[in-house]
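In case you want the letters, here they are:
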Amino acid sequence: MTANILIFCAAGMLVTAYLMVGQKALFTTIRLYGVQSLLLGIVATTIAIAESRPELFVTAALTVTLKAILIPWFLMRTVDRIGIHREIEPFLSVPASLLVCLGLTVVGYRVSTGFQEGARGVGHHLIGVALSLLLIGLFLMVTRKKAITQILALLTVENAVFLVALGVTSGMPLIVELGISFDVILAVLVLGVLVRRIVGRFESMDVSRLSKLKG
Amino acid sequence: MVGLVAVGLPAALLIRLLTVAATLALARRARTCRWVALVGSMLASLLTVTVALEVIASGLSVEGVLVRHAASGIVFDYAVTPLSAWFLMVLGVVAIPTALYSAAYFSHSVVASRIAVVGTAFNVLVGSLEAVFTASGVVAFLCAWEVMTLATAALVATEHQERASRRAAYLYLVMSHIGTGCLVAGFLVLAGQAGSLSFSALLSGHVVSGPLRDGLFALFFVGFGVKAGVIPLHVWLPEAHPAAPSSVSALMSAVLITAGIYGLYRVCGFGLGVPDQNWALALMAVGMLSAILGVLYALTQTDLKRLLAYSTIENSGIIVLGLGAAMMALAHDQRALATVAVAASLTHVLNHAIFKGLLFLGAGSVVMATGTRQIEQFGGLLRRMPWTGLFFLIGALSISGLPLLNGFPGEWLTFQALLLGFTATPGLVRLNFPLAGAMLALTSALAAACFVRAFGISFLALPRSPAAGSAHESPLLMLVPQAWLATLCVGLGLVPGVALRALEGVIVSLPGLQLTSPMAEGAWGMASGIGSFDHVVPGIFGVAVLSALAFAALLTVRREAVARRVPTWACGGDLTARTEYTATAFSKPLLMIFRAVYRPRRQVDSLADVSPYFPQEVRYRTEIEPTFERYMYAPLVRLVLGSARGMRVLQAGSLHTYLAYVLVLAVILLIWLGGTT
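These protein sequences, in sequence, are chains A and B. Position 199, counted from 1, in the first sequence is what this note's numbering calls 199; the numbers after and before it change by one each time, with no gaps. So the number in this note's numbering is just where the residue sits in the second sequence, counting from 1, plus 1000.
Chain B with its partners taken away, still in its complex shape (with noise of 0.2 angstroms):
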């Protein structure tokens, strides 16, 4: 064992590489090249999913070197510290079963010659997730999280005979590159204070001080949060998740995005020293803003996987908030309260990669069916998709934090220290504590909302398109990782003790965190150590809802009533899809109370042949104000090209101008330079 886990991620790098080269040179049997690439991932996947666990078993780094070459003094050299080892771990339990969902969904969903293209660019994004995570070093990191970037791209763009994809993988660019400019800016400065490019060196916390040190920080803080999806640097998200293909989105939304988050964690939360309180002001802010505008936006959304790319940003800003009340109880010293948010955001990391990776590959297989992303063209798909529908059930459901399931452990703990957090910092800014646990309310609230139209519109009623009506079942080769990720969030919900104990050895490993009681009770239990009333058995505590809400409906049972089987009343008419209710009509009341923030315009047009009072028929547009797009970029990009079209005049293309300049410039240069001695 021990042998294994010292040469895990190298052999893993190897056999990958060895499944890009093979998936090449198969380009033209698209059948046989789809298997090798997904294979050679899952068995990649599987090494490192085994180092990472032993690394987090035991608590002990791995350290070791993946190249070294030695005439220009480079070496890539990889350390497994308990916290790349849970994000390690998150990305295989994720990436195993979308490979082996991906061997059936890209027979269907990808066209048999970019088949190559495609399972090469699943590999390498893998791959460079997996040295992203264990990356030692600055140049090995920025190596790998640009690889990262360009083969999602690449992803994004498979459809690239389609304008809207192009597009997303243009913004999505764009938007990597600005990131990764604050990062690299960022570690080099932090290198040249440092005098050394490791991360153990870089991220002790001692190399910079004062403004240089905010400064830096903010820096981080862009360029991670761009990965990391929030709001208001999340607008290539909702573009790049629903153009890729979905076992892809499933990758790119539960474990791309928390490249963002340990980068985060990483430099912005334990690499740069104790934190101050207004970075942790300001993460809090984003996470908050995050959560609440990413679920209300997802609220709105007609179409499946933009709804759940939304509902990323909604989590993505959980798991901030959860970092942000961490470094603010850093801040004032109070370690048992941040070593409780810090376990609630990092649990929340685990299970949203679990239920979005989930719900992703649940709105794949029934897009397969339909041949459409609009949810308003679904409709009854619970009974020609039953285990689909089953799975995604369960995901929501999982999402909506509801107990039982894996989104509540969570959800929970980021509560506990969020209410904790009032008492236990002083000020002003103690304030901050309970407005975000109302925000959180809320946001799991409208999540909830969210996910009850998002199932029950698609897989409820009545076919609403005839493509919906001849929907047929996936092949088991797409329900088997389903119903594997499906079963871990039943699992991780009733036993949530298994992923806490397990990330007990994580948090002692960060600095400035201890432990002073075991985060959970027995497998069953959590308890987040502080405070009195913080023990819960989430499996009891659901037991005891569903044994109230039965007893509610037995109560309600009267004896004397017969149980009469009729048609549902149609108003006399014929029952058709049309008389359901819609999406958008479900979301409507929603829309109208948040007015202020969607700021939505609504048209209705009525088309009359005889008479105004007689329509033939009503045209209904409705569409919400894209704020940040709007108000932020646009006048962005408006001064960008302007800009750039003042310098344009420079580059007049006339070969008498180019020339002009350098005999301008030479002679100034040599009025200023020359004839000094």
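Here chain A stands alone, though its shape is the one from the complex (with noise of 0.2 angstroms):
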């Protein structure tokens, strides 16, 4: 049951991922995000119940609040001020980015298979799907122009990590987990405030023209 549960959830955000690659409207990646995060918090939840380990419960929690909750709320505010709701064309067109994204599973389900078998046996899966998500993420911030985009990219590395984390060790100390929230508010924050200057700078989200800047 629990297996399942891990199993069903690690391809949730996997396919959450692969829709946000697909995806050109702004607001849609957000939520896609939030239903990823989310998804990471049953994961965390899943494990506490399974393994009855009380601390990590708080990182459920942290987890859904930050990360499916607050960080979604504060982006989409930044994309209504900014007014600017689409992506325009990727630097990659999506029918091929979608094939890319399929070859970067490969790699990392290929990957995975070196790591030895978590104590739940789902450990390969988890490892599987975080580095994927890992990949992908990397991936979108290449071929991706808007901030934003970028922004989420970044979080969806950070969800991977955090993914990796709990299938290989079962969590880390929660003075650890702290800290990475943490400092995944203050990215974001600083971001948003990055990205609403380039906005005001340059009338526009595109980071590709910030070679401009260039001496």
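These are calculated hints, taken from the structure and not from any lab test. Ideal Cβ placement from N, Cα and C applies to all residues, glycine included. Careful, some of the hints might be misleading.
Said to hold, decoys possible - Coverage of chain A stretches by chain B, computed from C-beta distances (three or more under 8 angstroms per stretch; other residues unrestricted):
#, segment
1, 105-111
2, 141-152
3, 185-196
Once you've looked at the hints, go ahead and assemble the two chains, each given alone in its own frame, into the complex.
Structure representation (structure tokens):
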């Protein structure tokens, strides 16, 4: 039962990542990230119940409040204020992106077989999903131009790292979790401000225009 | 005395550090700052010279610890071996008068706001040179080596508002770093093989063998060769020497070059075991090339300090040639011959330092009085600066290798070694010796021509510019150091036995060398110890030559002739500076003879109003081909810049490209390393 829930949630996270790659509307992308974080919270809760580790509840609660509610809300507000709602043409078309992501997933799963099997017998799948998620997040950063999408990609990478930690070691010490959460909040705040600045200066959220700053 | 020797070097270092601190603290008060810096430097130098002389006299090394840091296990210890002591003495002999000279010279030639920096750099340079000569471990040596490089670069860039100075400093840094890179690589490999960082283990001669040894030799040869200024690694030297203040040029030319020579001795000559014949050939070839090309380039320079810089290359070549001959002799186990060659080379190190220091100080006085370095703007300075002129003349005669002066002993011993080498070595390589001898003879003759030109055009005849006409003699403080060095020139020329006797202890301390008979016959004579016709007393020789000249003059004097004093005939016109022989004209015949080397380009423009047969003005331009810069360094620079430009594509400045690099690299690494179990 536990294994089923874990694999289901992990698969859900991968699916949200794919949807993010295929999606151009910024609002939907942010919501997809929220769903992804929610699924991560469920993973944490499941492990907490199955292994009766109460400190993981705190982690799960943090994840859900912060990443599934607060950050999406803040990002949506930012998008609303700026008034740019759609990603313009990415460097790679959507079908091509999906194909590349497929390849990245294969790489992630292939690599995950090298890890030792986790205690619950699902470690291999969790790590496979997490590595794929990480590579897809990086790929999103490479191909997307909007600063908001870049932030979302970074957060996806962060989710992936979190998932690896859960899958391999069944959670990091609480103090580390708290530190990471704090980092994420700060990163999002700073990046949110930066986005506003970039838009104010360039009339656009296109990060590739930043190269004009070169002397 | 023993106590002083034991604490001499740490005490000198302490004095230098205090001096530097005081100099920087007093930066606002230029005059006090100048005196503190230079008096401190003189005191410290005095201490090190005392230690050096004591070590040379006793032949026993002095060792000790300079800095010990217990936590990191770093120990900088020093060891004054007789070889180190010799170089330390050379440094002191030049550094003390140079510091005294600078005390007056800096007040005119260095802006008050930069006195503190220049004074500090001067102290750091001399201190790091002392550390280079006495370091007994790799770490201390390389640290001192780099500090020395940086201090010199700072001094070269003293007048950094001028583009040429900045360029010279940059070129110097680039070349030095190439050299230091080679040294670091060489020492690391050597230390890895020896399992130790101290010179006594590293340079025992049994650490490496085979091709690795040859490779290490090549690395060290390039590394030290850059500092020694041998052709083709000399490109920084003619730029850096003129750019620095003259007293610093004196120090650089006399002693900084010697740091490279010291390294060549310590590592290439006597640190890697019995030298290979091919190494010796390489050293001799480079020495010959430097000597002959150095003097040829010196001959055509119109910038006095550039001329002296090229002459430094020449002398560095002669010193390296002597070392090469010694290594060749050692390779064939001819110890007596090797001893003569080493004596020749080390004597020349001392003597070159003295007369080149003197010449640069003289050049500094001239430059200060006239405000230019161009020989063509001088003229008639002997009447206006009689003392400077006299000292410069003594220096010029010394560098030409005339007997009675100190250029003679070193060159004579080098000739001796080269001539004896032909009979002492087997096979075809022996032909190398007479070839080198012939080259050296040509070099000496050309050096004489070069300094006849330098002295004659600068100091004789009428002033060629208003600046030269209104020149004044330098202050006493600048003349005393020159007088001291000139006295040494004459003294060491007359009694070369003193220096040679002192050198004996240094020679026996080097591995593989032994003294079969004393080097000196009394104080006045020299004897190379082998062969039959090899004893000479320069004093008698010189007096004989002089009296022969006097006798010849006497023979030509006729009784009935009456001397008549009349003005010089000027073809019926007025006698002006325009009728004088110029420096360019003086070297023209030699330029034409050695056309193949110089490959001169000449351009004559005549500007005429009415008819080309009545030119208003004739302009003459000549320049010689900068062979090494154009055919060796320019392609190298193009290669480096080209590949750098090629690599700039990677650095596109686009965020997405960089992220893509990360992604691609991560995926490749994951595929390559991941999933193996």
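These are the hints, each one checked on the structure:
1. Taking a C-beta to C-beta cut-off of 8 angstroms, the segment 105-111 of chain A contributes 4 residues in contact with chain B, enough for the three needed, and the coverage statement holds.
2. A count of 4 residues in the segment 141-152 of chain A with a Cβ less than 8 angstroms from any Cβ of chain B is obtained; the coverage claim is therefore met, three being the minimum.
3. A stretch counts as covered by a chain when three or more of its residues have a beta carbon under 8 angstroms from one of that chain; for the segment 185-196 of chain A and chain B the count is 0, and the coverage is violated.
Going down the numbered hints, you'll see the structure goes against just number 3.
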